Each structure stands twice: as structure tokens, then as C-alpha cells.
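Line by line, the protein sequences are chains G and S. Numbering of the first sequence is given in the working numbering, commencing with residue 216 and proceeding in unit increments. Numbering of the second sequence is given in the working numbering, commencing with residue 1421 and proceeding in unit increments.
No wet-lab data here; the hints were simulated from the structure. Just so we're clear, the structure is a prediction, and the values are computed from it rather than from any experiment. Idealized CB from N, CA, C, for every residue including glycine. One thing to keep in mind: the hints can contain errors.
[Claimed, not checked] Okay, the calculated bits of chain S under chain G, using three or more residues with CB under 8 Å as the criterion:
1. 1622-1628
2. 1687-1701
[As the list claims (entries may be wrong)] Going by beta-carbon spacing under 10 Å, a handful of chain S positions derived as facing chain G:
3. T1451
4. Q1618
5. E1619
6. R1633
7. K1637
8. F1660
Below are the chains, spelled out letter by letter.
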Amino acid sequence: MQNAILKVDHVKTYFPVSTSIFAKKQYLKAVNDVSFEVGEHETFGLVGESGCGKSTLGRTIVRIYDPTEGKVFYKGQDIGRLKGDELKKFRKEVQMIFQDPYASLNARMTVGEIIREPMDIHHLYGSKQEREERVSQLLETVGLKPDHIRRYPHEFSGGQRQRISIARTLALDPKFIVCDEPISALDVSIQAQIINLLEKIQDEMNISYLFIAHDLGAVKHISQRIGAMYLGSLVEIGESEELYRNPLHPYTKALLSAIPIPDPQVMRKRAALDLDGEIPSPLNVPTGCAFRTRCPKAMPVCAEVKPELQTVGTSQVACHLYAK
Amino acid sequence: MNEEIKLTADLFEPLSEDEKNHEFIAAQSKTYFQDAWGRFKKNKMALIGLAFLSVMVILAILVPMFSPFEYDGMDLTALNEMPSLTHPMGTDKFGRDIFVRVMYGARISLSIGFSSAFICLVIGVVYGGIAGYVGGKTEMIMMRIVDILYSLPNLLIVILIMLIFGSNVISILIGICITAWIGMARLVRTQVLTLKEQEFALAAYVLGASRSRILFKHLVINCMGPIIVNVTMLVPSAIFTEAFLSFIGIGISAPAASWGTLANEARTLIESNPIQIIWPVLSICLTMLSLNFIGDGVSDAFDPKKK
Ligand SMILES: Nc1ncnc2c1ncn2[C@@H]1O[C@H](COP(=O)(O)OP(=O)(O)O)[C@@H](O)[C@H]1O
Ligand SMILES: [Mg+2]
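All chains should be modelled from the sequences, with the hints used to inform the complete structure.
Now the structure itself:
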């Protein structure tokens, strides 16, 4: 990609798990060799069942976790090497919106303090007065009222809290935001409002998103491209429309069939592709293709060779069905 | 998943002005502490305790200032007198006014109680906060040090310190605080350990907040409830330790007087003038009782389950 703002290069993020002090150290492979790029002003959707490592990947990208292997590049710079002022700049430009609107705001701070804090940290604007003005502006941008400034988070609903979160990240004028399931805790009617708001500010402020969701329905509308993640790996990356209309990987097909659709004809055709079985533990990832234990089309080769992402049409897919 | 959801562009419309507010939960804007105070006020016993303690504090400040008698002013013409209008609690074996001495003792006992609680608060919060937040090897070493301190015989240390530094308020404070902060440190560490994984702490980190900002402005603030409850337990236990030390004769020594010292002095006269021991003992008992009621009230007030 020519103007990638973010490049994730063979990233693995493992968590050490201690069973007992004498046992051999075990690793939980939350993210297991993921590569993709996000362009300027692009929204890259990331979907997958819960527990497949989406949040861990998002947190690795904003440098909450350090990758066990591989690198993340932001504007061409390896974020693992950033220090001092460069790190500060990275912290200003790359932000994250969290999934749980009830846990992501400090309950002891007023809305005004919450939104002003990032500006205090980065010493933006000359005076406290100017910061206060900016807070009011931001409240308006995200659709809250100026008199909400003195209230506490517990007085707001989930959707409003998510707006407060958004205002907090916007205070820094970010260029890249990881949205970690920002709408999955909200009512369906409110989900649309938040997506709408995110799109509006994307256009106004020229922001790129990594938009994480556990179902395809929510990301399809906002994303240009989508990656489907299973047990720590990306199994398919494609243009949003293409992935929706013509999914290649059996896992992507199953994810699609989980979206209820009004047409009973199509519904019946897709129902056959429902996912059976439990998702295996990331402590014990199956050999070869991780999805083979639940795949309706598994072949002997799937147990032996881990499929690599390869280009099929306009998409990339990691599946032996498409071996050349 | 039986609902039929399809997201199409025409679903995404800006809200009208009043729709924007329909989700708003109307609630009185109350801070956490106002809320807790509201619950505390409902507890009668805690309020009585608070009233008693306030009166005690005010008397402890004013009585020695305005009384015509000094705490160490002897009057050999009025030994071992019974309570009267001039001496509301009578006089002791040197003719000193017991009321003034008890109020003077209140100054010493209460200030030891409050200042040792304050010292433990500061040390415990900083130490436990750093251990919990930094984690890893640092935490392991810090908490093992705490375990070792905790396993030492408490009273023995206090007595040793008194022997080395002499019997004065400072060495009593050191003696009490040297182990009393441990409970606070452990409590704060446990709280910080769970809070630091929460999304609001991660959000502060991603915003670029420094470690100390995250620790104090985000994590410690959010465990203020248990911290305050712990402080209200520390005060009576410090007062009690001091009274005990002075009673067995290694705390504050005469003519200065804490409640423990007074009880110790009166002990020798328990057969001839039993009333003299009642005053310091009563003061200790009622103060402890009040502090315990306050402690109960505070812990109920900060209990999140009681909303
Ligand atoms: N801090 C952590 N320590 C240990 N294991 C973790 C941690 N965070 C996540 N995990 C594990 O990593 C896996 C992926 O989790 P997560 O990234 O949260 O998935 P998702 O966001 O897709 O639901 C899960 O099995 C989870 O239990
Ligand atoms: Mg998640």
C-alpha cells in the first residue's frame, strides 16, 4: 500500500501463563502472526468471535502491550523504538476507544475533567481558559450539551458515555484511532448514532480507524476493507463489499451467516454454514489450519500445513481450498 | 440472534435535538463523597459517635486553654478531693485538677491517634500503590519486606524503640506506625492491582499520562472508599496502643499525661479513691466506642452494595 499510516508486520503477542512454578512456561497465543496495513483516512474493520485476540491486537497497536515478535510501524516508524518526544507525539496521534463505556471513564472525574485531561497531559493550548473552551466545543461535536461538563459519568447512558470517550480522544486531534468494539455494548438504535458520529469526525478531522467488532454487520457499513480473525490469525482480508458478497474462507462465510438477514431464501442457504463446536483454547492452538476443527470442508492437508494468506481475486485468504 | 438487523446507509441519520437527549438519565448531580455522606447521616449510632468525638476534640482544645488550673499545677492543700464545682472530676494525690489532666490527656491521645493514622495513610498508599502499579519483581520484593515486618513481634519493637529513643510522643508514633501501615499498603496494592487493568486506566495510559498521574489521579482516587474505612480503623487502634503503653509505664510519663498515664497513676489509689481511675478509663472507652461507631458508619457508607 502506498500511503499506509499503519503497518502491522508479523505481530505475535503472547501472554505467559503460570500453571505452577515447576511446570514449563506456557504461552497463550492471543495474537499469532498478523500482518496488515491501514491507509490514510481508511477504516479497516476487524471481525472475529470474542476471545480471538482482537483487543490484544488493538492494544498492541497502541503500545499497551509489546509484541512478543514482529513490529508495528506508525508513519513508517517502529513504535517499539519510540522514546521521549517521539513517543509523546505517538501518544497524541494514536488513540483508542474502548469497548465498555462503563469501565472506560474514571468515575471520580467530571465530564469536563475527563475531556480536559489529555490536553493537560500534552500541554495543549496556552491557558486553562482555552482548554475549557475546547472542552465545550468537543462536547458539541460529539452531540452533548455544554451543561454536561460538571456532571459525573454515572449520570449518563452507555451511548452518551461512548460520546464522552470519543470527545476525550478527539481532544488530542488524533490521526489514528483503534475503536475496540465501541458499539457492541450499546442498544441497536444507539449503535447507528455512534457509527454515524465516528464517520462524521473521520471526514472532518481526517482520521484513520481500526474498527473492531465481533460481527460483520456492524463493520461492513463503516469499513473500506475488512479482516476476519480466528484464534489469533487473520484468515481473510478483502474489500468490504467483496467480502460481504463473496466470502472465501469457510470462517468468513460462517460469520456472515450469523448476521440475520431479511431474505428467507438467502437465510436458508446460509444456515447450513453455521459454526459448530466450541472455539479451541488459544493455549492449545490446533496444528496446521487453526480453524480445521470446526471447518465443514476440512481436508487431511489442513491438519499438517498452516495455510498462508494468498491473493484470490481482490481478496487475500489463508485456506487450502484455494491452493493453486 | 433472531432479530433482523440490517445496517444500511439510510438508517444513519443525525438525531433531532430532542432525540439527542432522550437517552439522558435524569439524576441529581452528586459526587461520590456527597453520596457517602448521605448514607452516613442515616446511621444514628455513627452520628452520635461523631458528635461525641467532636465535643471531645473541642474540649481537649479549649479546657486546658481557659481553665484556671494547669495540668501539672500541684495544690498540696487539696489532695484527693472528690468532684466539686471548682474541680468537676476532683483532684489527684498531688492536688492536680483531674478534669484538666483528662482533657490534656485527650490532646495527647487523640493527636497520637489521628497523626499515626495520617502517617500510615501516606506511607501505606504510596508504598502499596507503587507495589501494585509497578508489579513484577519490584512488587515481589516490596511485599516480602512487608511480610517480614508483619511477622515481627509488634509490641517488642515498640518497647525497643521506646527504650532507644526515650518515652516521648515521637517515639510512640514511630513505634505504632512501624507496623500499622502494613494493612493499608496491602489493601491499596490489592485494589490497584485490579484497577490498573481496567479500561479507564488503560485509556489514561494511551493518552500519555505519566505513571504517577495514573497511580494517584486514577487508581488511588478510585479506592478512596476502602482507604477511608481503613483509616477509621487505624485511629482507635493507635489510641489503644498508646494507652496500653502508658498504662504499663513505658509511654508518656508524668507529669505529662495521656489517658493511659492517668489510669496508671490512679491505679495505686484504686482502693482508697476508686473514682480517680474512672475518668481516664471512661474517656478511653467512650472514645473507642465512638470511633468504632464512626468506623461502622463509614464502612457502610462506602459499601457500593448499599445504594
Ligand atoms: N492481559 C492478559 N493476560 C493474559 N491473557 C489475556 C490477556 N488479555 C487477553 N488475554 C487472553 O487472550 C485471548 C484473546 O483475548 P482478547 O484479545 O481480549 O480477545 P477479543 O478482544 O477478540 O475478545 C483470550 O483468550 C484472553 O483470555
Ligand atoms: Mg475484546
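Supplied contact hint for S/F1660, tested at 10 Å Cβ to chain G: violated, 33 Å
Would you say the segment 1687-1701 of chain S counts as covered by chain G, given the rule of at least 3 residues with C-beta under 8 Å? violated (count 0)
Between the segment 1622-1628 of chain S and chain G, are there enough contacts, at least three residues with CB-CB distance under 8 Å, for the coverage claim to hold? Contact hint for the segment 1622-1628 of chain S vs chain G: holds, 7 residues under 8 Å.
Report holds or violated for the interface hint on S/T1451, using the least CB-CB distance to chain G and a cut-off of 10 Å. Cβ of S/T1451 sits 7 Å from chain G, so the hint holds.
When the least beta-carbon distance from S/E1619 to chain G is tested against 10 Å, hint result: holds, 4 Å
For the hint on S/K1637, does the least C-beta distance to chain G fall short of 10 Å? holds, 8 Å
Quick check on S/R1633 please, does its C-beta sit within 10 Å of some C-beta on chain G? Nearest chain G Cβ about 7 Å off; hint holds.
Minimum Cβ distance from S/Q1618 to chain G below 10 Å? holds, 5 Å
When held up to the earlier numbered hints, the structure conflicts with 2, 8 and fits the remainder.
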